[in-house]
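Colleague: As given, the protein sequences belong to chains Z and V, one line each in that order. Note that our numbering has the first sequence beginning at 1, numbered continuously upward. Note that our numbering has the second sequence beginning at 1, numbered continuously upward.
Treat the hints loosely; a few may be bogus.
Not the full set, but computed from the structure, chain Z residues with beta-carbon under 7 Å of chain V [as the list claims (entries may be wrong)]: (1) Ile4; (2) Tyr8; (3) Gly177; (4) Thr278.
It is worth saying that the hints were derived from the structure and are not from the lab. Ideal Cβ placement from N, Cα and C applies to all residues, glycine included.
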Amino acid sequence: MSNIKYTYAVARIRALEVSLFSDAFIEQLLACKSADQVLQSVMEKGWGDMDSGTDVEAVLKCEEEKAWAVIRDVAPDMSVFDVLSYPKLYHNLKAAVKEVSTGVKNPAMFYDDCPIPGEEMYRIIENREFSRLPGNMSRTAQEALDTLLHTGDGQLCDIIVDRAALDAIEEAGKKSGEPIIENYADTTVAIADIKIAVRSQKTGKNADFMRSAMAECESLSIDQLIRAALSGMEEIAQYLEGTSYAGGADALRESPSAFERWCDNRMIETLKSQKYETFSVGPLLGYLIARENEIKTVRIILTGKQNGFTDDAIRERIREMYV
Amino acid sequence: MSELGIVYALLGAAVAVLLSGTGSAIGVGIAGQAASGVVTEDPSKFAKVLIIQLLPGTQGLYGLLIGFITLSKIGVLGGGLADLSVQTGLLILAACLPIGVVGLLSAIAQGKTAAAAIGIVAKKPDQFGKAMLFPAMVETYAILALLISFLAVSGIQV
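Build out the structure end to end from the sequences listed, making use of the hints.
Modeller: The following block contains the structure:
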């Protein structure tokens, strides 16, 4: 009966799922004539607040904060959501390392809605108090800072931090003890590895580069992926066809944006079964990812409309909805 | 007359009430957590989720009924304790076990089903009737146990 602790949270999330956007509503947004109309439509659905006004970025940021606030309110244990906060946390680390080494300050570079906000991260890196950082971050921070100071190679620094983030996500997934979180973490790492393989193939990187950038995961073999990437894009697609990421192969052949969309849709697919769970953390994770996905989709539509994209070009980038 | 006979019989009444009551408390508790979650976001669904929350409460009533009949039978209620042999005492204890054990387990199972059914009401309030049916199915087995306990307690000659 240990999982009974999620009963209240899941029931609350169920009630909130009703207000998630459906595919039909996204179609309505697509049919809007201008970005202003899109913004008006989502605001009628309760997006934004008094402070955000009609500022697009403020409205989207406000929605992101609302989603996290709900989860913080209902979740009996926030540590299982580490897998979701790590990307922002490691982004802050990366930004802080670069700011400290270049001496240029830019507060807009940081995320503040994560366990170590920008200002604090900057101070930790500046004073070299690496022991205050959790998990593998202290070692990563030191290595990244030393590398950047000695070589001045920003890409190498990025690889060190991004790889550490992927390792941390995989580890947090395993540590959570929740199958769905573990599955989500593994899918996240696998998709990141596939993206690395695709980009490395396009830019002609060697095997050592890929090996240092990719993190181990259970659903993919890094060695095979690297070998495929060295041979060509078609080989990557062929390798993917033999894994649980077979859909990615078709998307890869179609276009880069179709591939990006497939990555997000694959994540939603992983989580869709959580709509029928009552006694686990799954629906909370599903709701959070669904909200992020929804915000991302609205952002794509808004940007598309602002820049005069055709409906088809926007539609190609639209993500599948959770509900 | 053996003094232990009445002790066993009273133990039977206690088992019927204790186990089924505990089960119902846990079941209603689980469903109550889910109900609170829904009402936090949507207070208009209060009446619907309250009805579903109460479904696992019936086992406690069945246990109470069997306990009550047992107490009347052995004379604890109404004065004049019956003269029970050890064998009769044990028979009454055995007769009380079905509603006790089945009441405990079915109420917990029903509580979990009710929590899931409250999820249906949260998302599709118009499907309330169907949502009610799933936890109600679990009730069948509590009723079967009640029937056997009732027949057994009534049938034992004191």
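Colleague: Given Ile4 (chain Z) as an interface hint, is the shortest Cβ-Cβ distance to chain V below 7 Å?
Modeller: This hint holds: Ile4 (chain Z) lies near chain V, its Cβ roughly 6 Å from the closest one there, short of 7 Å.
Colleague: Identify whether the interface hint at Thr278 (chain Z) stands, where standing means a beta carbon of chain V within less than 7 Å of its own.
Modeller: Holds: closest Cβ of chain V sits about 4 Å from Thr278 (chain Z), inside 7 Å.
Colleague: Could you check if Gly177 (chain Z) really has its C-beta closer than 7 Å to a C-beta on chain V?
Modeller: Violated: closest Cβ of chain V sits about 21 Å from Gly177 (chain Z), beyond 7 Å.
Colleague: For the hint on Tyr8 (chain Z), just tell me whether its beta-carbon gets within less than 7 Å of chain V.
Modeller: Hint holds; Tyr8 (chain Z) Cβ to chain V Cβ min 4 Å, cut 7 Å.
Consistency note: the structure conflicts with earlier hint 3 alone.
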